[in-house]
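S.K.: Residue numbers (the working numbering), protein chains in the order written: chain P, 1 to 108; chain R, 1 to 635; chain E, 1 to 494.
In case anyone wonders, no lab produced these hints; they're calculated from the structure.
Be careful, since some hints might not be right.
Said to hold, decoys possible - Simulated pairs of lysine to any residue, SDA-like, Cα-Cα distance not exceeding 20 Å:
1. R:LYS169 x E:GLY355
2. R:LYS568 x E:ARG423
3. R:LYS164 x E:PHE366
4. R:LYS165 x E:PHE366
5. E:LYS360 x E:ARG423
6. R:LYS376 x R:TRP533
7. R:LYS583 x E:ASP289
8. E:LYS427 x R:ASN571
9. R:LYS27 x R:LEU17
10. R:LYS165 x E:ARG426
11. R:LYS498 x R:ALA211
12. R:LYS165 x E:ALA353
13. R:LYS163 x E:PHE366
14. E:LYS360 x E:ALA449
15. E:LYS360 x R:TRP161
16. R:LYS583 x E:LEU273
17. R:LYS163 x E:LYS360
18. R:LYS583 x E:ALA153
19. E:LYS481 x R:GLY73
20. E:LYS360 x R:GLY25
21. R:LYS164 x E:LYS360
22. R:LYS164 x E:ARG426
23. E:LYS350 x R:ASN571
24. R:LYS163 x E:ILE351
25. R:LYS76 x E:ASN470
26. R:LYS568 x E:ILE415
27. E:LYS71 x E:SER478
28. R:LYS164 x R:ASP306
29. E:LYS157 x R:VAL593
30. R:LYS76 x E:ASP473
31. R:LYS169 x E:ILE415
32. E:LYS360 x R:PRO114
33. E:LYS360 x E:ARG426
34. R:LYS169 x E:ILE370
35. R:LYS583 x E:ILE152
36. E:LYS150 x R:ASP587
37. E:LYS360 x R:VAL115
38. R:LYS164 x E:GLY440
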Amino acid sequence: MPINYYITLALCLFAIGVVGVLTRRNAIIVFMCIELMLNSVNLLLVAFSKMHHLAKGAAATAGTDGQLFVFFIMVVAAAEVSVGLAIIVMMYRNVHSININFLNRLKH
Amino acid sequence: MNNVLDIVYWIPLLPLLGCIINGLGRKNLSKGAIGFIGSGVILASFVLSLWVFFQVRGGNVHTAEYFPFINVGNLKIPFAFQIDQLSAIWLLIITGIGFLIHVYSVSYMHEEKPVHFGRYFAYLNLFVFSMLLLVMGANFVIMFIGWEGVGLCSYLLIGFWFKKKEYSKAANKAFIMNRVGDLAFLIALFMLIHKLGTTTFSEIFTSASLAKLSGKEMTTITLLLFVGATGKSAQIPLYTWLPDAMAGPTPVSALIHAATMVTAGVYMIARANLMFAMAPATLNVIAIIGIATALLAATIALKQNDIKKVLAYSTVSQLGYMFLALGSGAYVAAVFHVMTHAFFKALLFLGSGSVIHAMGGEQDMRKMGGLSRYMKITNITFLLGCLAIAGIPGFSGFFSKDEILAGAFAKSPVLYALGLFGALLTAFYMFRLYVTTFKGTFRGTDEQKHHLHESPAAITIPLVILAVLSVIGGFVGVPEFIAHGAHALSGFLQPVFKEAYAVLPKHEVEHSTEWGLAGLSSVLVILTVIIAWARFSKKPDLQAATGFGKILENKWYIDELYQGVIVKPLNMLGSFLSNVVDKKVVDGLVNGVGRLVRYGGRQLRWLQSGQTGSYILMMVLGMVLIFIVQFFLRK
Amino acid sequence: MIALLLILVPLVSGLAAFLMKKEEQVRTWSLLAAIITFIISILGVAVYTAPGCWTFRAGWMGSLNSSFSLKGDGMGIMLCLLTALSYPVIFLSTWTTAYKKVHNFFGLMLLTQAGLMGVFLAMDALLFYFFWELALIPIYFICSQWGGEKRIAVTFKFFIYTFIGSLLMLVGILYVYSRTPGHSFDITAFYQAGLSLKEQSWLFWLFFVAFAVKMPVFPFHTWQPDTYQQSPTAATMVLSALMVKMGLLGVLRWLLPVFPFASYLNGDTISLLAVTGIVYASLIAMRQDDMKRLVAYSSIAHIGLMCAAVFAEDKSALQGTMIQMFSHGINILGMWIVVEIIERKFGTVKISALGGIAQKAPVLTFFFVIIAFANIALPLTNAFIGEFLMFRGILASRVSEHGVLIMATAGLGIILGAVYTLRLGRKVFFGETNALTEKGSDIVFHERAILAIIVGAILILGIYPQPFLNALDHISQSILKNSDVLPMLMKQKH
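Looking at chain P on its own, in the form it has when it is part of the complex:
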């Protein structure tokens, strides 16, 4: 499959994620959208990694670093989810809402 398809798909996913983050107020949905963006990047990384690996005259190890980064991102995302969800739970306990617009106290 040509690489263009992957790029287009990743772009679509990323755009959906961005729009979601910008428009939704529910913290969990925002959170999911962030995951969407991260995963679109993952998809892209894997696709390029494969492309480099299959290129003519490439070394046996070519493209592995791309996959390595995917793991990094997944680990970071997992850590982020755990911290983020914890924050959301704490937030709900304190203000009984998970609407992010409620959190504008930085202004003051």
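Given chain P, work out where chains R and E should sit, using these hints.
M.R.: This is chains R and E only, laid out in the frame that chain P set:
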């Protein structure tokens, strides 16, 4: 030969030691001891000076270097003294007259508290020290030390009675006016260093060295030096401090006016004679300023009622004559007049001090009169002083003034005519002073009348000595046309002025003409004296002046002019800068920057709305912007 | 070794002072530390010629090529001596002044001293910057904690002013560092940075603003009168006698040799600005009613002359400036001591409220008159030597095109200086006493001793300055060595 070098430094050192001892010991020493030390050191200096005088008679020049003062790169300024004929004469005048004034002061200042008595003598000794440094310095920098030193001492002594506000005001005025001149002196000095790389007299004042200066530079430098001299020697436009300097004790006035400070300018120009001789334009300026000062001060003196003020303006006027002589290239005449003037002006001031002492501090002539009956010695000596300053033939003033007028005539008959007119004014106001003070009837209070007495010996003996000098002092300079080779002073000073006279244009005046000029001035002066005597003994000048007299009484309003044109605007400018420019403009600018930052911050606050969404939006927009720039706009 | 000790002794004793509790103990300890520092500096001057005693070098931030490198040249040693001499004088003259939290006060004062010594000795740009801040930050705290009524606002302005300057300088230092051969902060590397004319012309201003604020040069001066007025006198003494020298030293050591082209090109502008400042500050000083503000403006005038002389880039002007840095420190210290004594005795520094002190305190008046005349550079006082050389150098300057104009304008300062100084003397010391000054008394022994030290220094330096000039001879030459490119540049220009 060498032994002279060994001891010359004692001449200034002794007064300095006297100053230190009297200054530190003023609480512990008795008045007698203070007076003895104060006068003794000056006497010792005088004896040394006398000895030096005989050493340099043959035309010798001695220089002695003590330690490097400022050595930077190729500029070398040693702390060095130079003794030649010119400085020897000044040494004698300073220490000789200075000694008499010290002796006189012991009695005159007797009523001061011991502490102030000691302070007074410390200042007086310091004054003599500074003046000695001025005339002994072998380069312009050492001269400048003395130059500023006398300024400092005059400040201290004029403001000696510092409780009186006006006195310390006068002291400030004296110092600041001198500073104006000093600045010009300094600039000239730096130009000399810049062009010639040295300040040492013996290196500058050679034809070869001066040839390095262009005519314009020479004129600029000499003019600046002359401005410096106008400050110290009270010439137009910087003369107004001198009459105010009367605030000091009377012996101090005598010291400032006769022996020391005011002759510094004359000395400096006489010292730089060759340079001035090579700048004819400057000489013209000096002659004009000199005669203008002489006449201006003489007219003011006509209408003053304070006995010391009359003498002060007469000093300014006589200094004008000295500068007229310098400007005419008659250097010897200038030095001669400095000498005779030192005699009779010291005499007149000390005499007036004796009068003031007897009058219990009264200085207004209108309240005196008829004092000749009470103070015989003061009366006679004062009269001799007046005759000398008026230029009656045979008295010292006659010879020196006549020589100046002859020199002026050689330069231009107009200068001569003006100078002669000034001499007549001098005779007139001096005899107005004498007659009003000593003749007629006493016009003071009964208490003062009861108190009138001749002053003690410590006052009268200096008066007598000075009177003798005022009478016979002129015979060291008997003019050539009377007796050939009788001008001893001219012969003595010949090595100093030799080169300058070779440069100056020659104006030979016939001996017959000189006889005529001398005769004319003698007759006119004697006539003026008779007129003044007759007029003021009949009716003393007591009423308030009106019309033109009022202008003269108020000194042509020059003080008011300076106050209005210079002092007030400067003060206003200072206030303006302080209150408006510094606080509002400069600081306002700084605060304005601060305010701008604050304002900008307030305007940018909406960016920090606290809404998470808007932050993210901003982030995304930023990313998009970077993309656009990166992919579409670059290249 | 001496160089290191001069920094370490105040630093350690300062830190120790923070921990002390009793007031007497702190005061004695600080004075002792200051005296020990002074003795060390005297020893240092005595063994000046011995090799190695004024240099110290140790690793510091090796990866950045910055070392803890100290060296005392003629100028550095002289300023260290001034600092070491000033501190005991400052502590003694303010001995009876009461401070709250006295241990903090003295701790900060000593830290400032350590910073000052470091600034005067540092031969590494990063170290220089480090000490520069070390000297400044404690003084901010002193001014803001122990100052007068408006201390917070005033210190804030002072802080912002100097801090912006410092930051600009830091940027400049980092840039020059990036251009040095082998990336080093060492001063010799800075001297060889080989910056292009364009780089120099903007880097110059980054450094100059920092120094100009510190000196201060017109029009960067407005923090100064307020700060001097509001700070506790001890801090004012440090600020005026010592801190302003940081700016001048910075120009002499870090500006002229590193940016010779830019110094040449901007020299005349700055000199003209500086001499304008002389006249400007003198005129303002004439109209001040607060003695502290008067002294502050007088200081601006004096510093203006030094600044103009520095940019004349003439050997005698530089030597004059360096000797004047020392003299000015001594004289202004004397001025502040007199002001402090008057403030303590009469509770005011308003000129209009005082008068006739001479009758009640003749000894104080005697010392004041000498200090005042030193302030207006009378011959045989220390300031004359410096001013003489500076004026001479300004006129002889090879780089300045307006030497005569600059000198003549600066010369007005000579006259105006006499006007405001004598006015101060006349209004405060002479004339009749009033109700306030009627009950005044003369100064006591320890005050006499301090003022005698000041006056002694004034006279010694004024009468026999040659040893000092000799010590400074070498350094002025080495500063100008980098400026030897000037004839070349001038040729290009024409």
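S.K.: Each hint: holds or not?
M.R.: Okay, the hints, checked on the actual structure:
1. The suggested pairing of LYS169 (chain R) with GLY355 (chain E) holds, with an alpha-carbon distance near 13 Å, which does not exceed 20 Å.
2. Note on LYS568 (chain R) and ARG423 (chain E): the hinted pairing holds, with a Cα-Cα distance of about 15 Å set against a maximum of 20 Å.
3. Using a Cα cut-off of 20 Å, the hinted pair LYS164 (chain R) and PHE366 (chain E) holds, with the two alpha carbons roughly 18 Å apart.
4. For the given pair, LYS165 (chain R) sits about 18 Å from PHE366 (chain E) by alpha-carbon distance, which is consistent with the 20 Å threshold.
5. Between the alpha carbons of LYS360 (chain E) and ARG423 (chain E) the distance comes to roughly 19 Å, so the proposed pair stays at or under 20 Å and holds.
6. A threshold of 20 Å between alpha carbons decides the hint, and for LYS376 (chain R) with TRP533 (chain R) the separation of about 19 Å falls inside it, so the pair holds.
7. Of the supplied pair hints, the one linking LYS583 (chain R) and ASP289 (chain E) holds, its CA atoms being roughly 15 Å apart against a limit of 20 Å.
8. For a cut-off of 20 Å, the pair hint linking LYS427 (chain E) to ASN571 (chain R) stands: about 16 Å separates their Cα positions.
9. At most 20 Å may separate the alpha-carbon atoms for a hinted pair to count; LYS27 (chain R) and LEU17 (chain R) meet this at roughly 17 Å.
10. The straight-line distance between the Cα atoms of LYS165 (chain R) and ARG426 (chain E) is roughly 8 Å, inside the 20 Å bound, and the hint therefore holds.
11. At most 20 Å may separate the alpha-carbon atoms for a hinted pair to count; LYS498 (chain R) and ALA211 (chain R) meet this at roughly 17 Å.
12. Proximity of LYS165 (chain R) to ALA353 (chain E) is assessed by CA-CA distance (about 15 Å); at most 20 Å being required, the pair is judged to hold.
13. Between the alpha carbons of LYS163 (chain R) and PHE366 (chain E) the distance comes to roughly 15 Å, so the proposed pair stays at or under 20 Å and holds.
14. Distance check on the hinted pair: LYS360 (chain E) and ALA449 (chain E) sit about 19 Å apart at the alpha-carbon level, within 20 Å; holds.
15. At most 20 Å may separate the alpha-carbon atoms for a hinted pair to count; LYS360 (chain E) and TRP161 (chain R) meet this at roughly 14 Å.
16. As the CA atoms of LYS583 (chain R) and LEU273 (chain E) are separated by approximately 18 Å, the hinted pair is consistent with the 20 Å bound.
17. For the given pair, LYS163 (chain R) sits about 11 Å from LYS360 (chain E) by alpha-carbon distance, which is consistent with the 20 Å threshold.
18. For the suggested pair LYS583 (chain R) and ALA153 (chain E), the alpha carbons sit about 15 Å apart, so the restraint of at most 20 Å is met.
19. Taking the CA atoms of LYS481 (chain E) and GLY73 (chain R), the gap is near 15 Å; set against the 20 Å cutoff, the hint holds.
20. Annotation: proposed proximity of LYS360 (chain E) to GLY25 (chain R) holds, straight-line Cα distance about 19 Å (limit 20 Å).
21. Annotation: proposed proximity of LYS164 (chain R) to LYS360 (chain E) holds, straight-line Cα distance about 15 Å (limit 20 Å).
22. Note on LYS164 (chain R) and ARG426 (chain E): the hinted pairing holds, with a Cα-Cα distance of about 10 Å set against a maximum of 20 Å.
23. Distance hint between LYS350 (chain E) and ASN571 (chain R) is fulfilled; the C-alpha atoms sit about 18 Å from each other, no more than 20 Å.
24. Simply put, LYS163 (chain R) and ILE351 (chain E) have alpha-carbon atoms about 16 Å apart, close enough for the 20 Å limit, and the pair holds.
25. At most 20 Å may separate the alpha-carbon atoms for a hinted pair to count; LYS76 (chain R) and ASN470 (chain E) meet this at roughly 13 Å.
26. Taking the CA atoms of LYS568 (chain R) and ILE415 (chain E), the gap is about 16 Å. The hint holds against a cut of 20 Å.
27. Proposed proximity of LYS71 (chain E) and SER478 (chain E) is supported: the alpha carbons are some 14 Å apart, at most 20 Å.
28. Only pairs whose Cα atoms come within 20 Å are accepted, and LYS164 (chain R) paired with ASP306 (chain R) is accepted, the gap being roughly 18 Å.
29. Our distance criterion of 20 Å between C-alpha atoms is met by LYS157 (chain E) and VAL593 (chain R), whose separation comes to about 11 Å.
30. Our distance criterion of 20 Å between C-alpha atoms is met by LYS76 (chain R) and ASP473 (chain E), whose separation comes to about 14 Å.
31. Our distance criterion of 20 Å between C-alpha atoms is met by LYS169 (chain R) and ILE415 (chain E), whose separation comes to about 16 Å.
32. At roughly 16 Å between alpha-carbon atoms, LYS360 (chain E) and PRO114 (chain R) fall within 20 Å of each other, so this suggested pair holds.
33. A threshold of 20 Å between alpha carbons decides the hint, and for LYS360 (chain E) with ARG426 (chain E) the separation of about 15 Å falls inside it, so the pair holds.
34. Restraint check for LYS169 (chain R) and ILE370 (chain E): the C-alpha separation of about 19 Å stays at or below 20 Å, so the hint holds.
35. At most 20 Å may separate the alpha-carbon atoms for a hinted pair to count; LYS583 (chain R) and ILE152 (chain E) meet this at roughly 18 Å.
36. For the hint linking LYS150 (chain E) to ASP587 (chain R), the alpha-carbon distance of about 16 Å falls within 20 Å, and the restraint holds.
37. Note on LYS360 (chain E) and VAL115 (chain R): the hinted pairing holds, with a Cα-Cα distance of about 13 Å set against a maximum of 20 Å.
38. Only pairs whose Cα atoms come within 20 Å are accepted, and LYS164 (chain R) paired with GLY440 (chain E) is accepted, the gap being roughly 19 Å.
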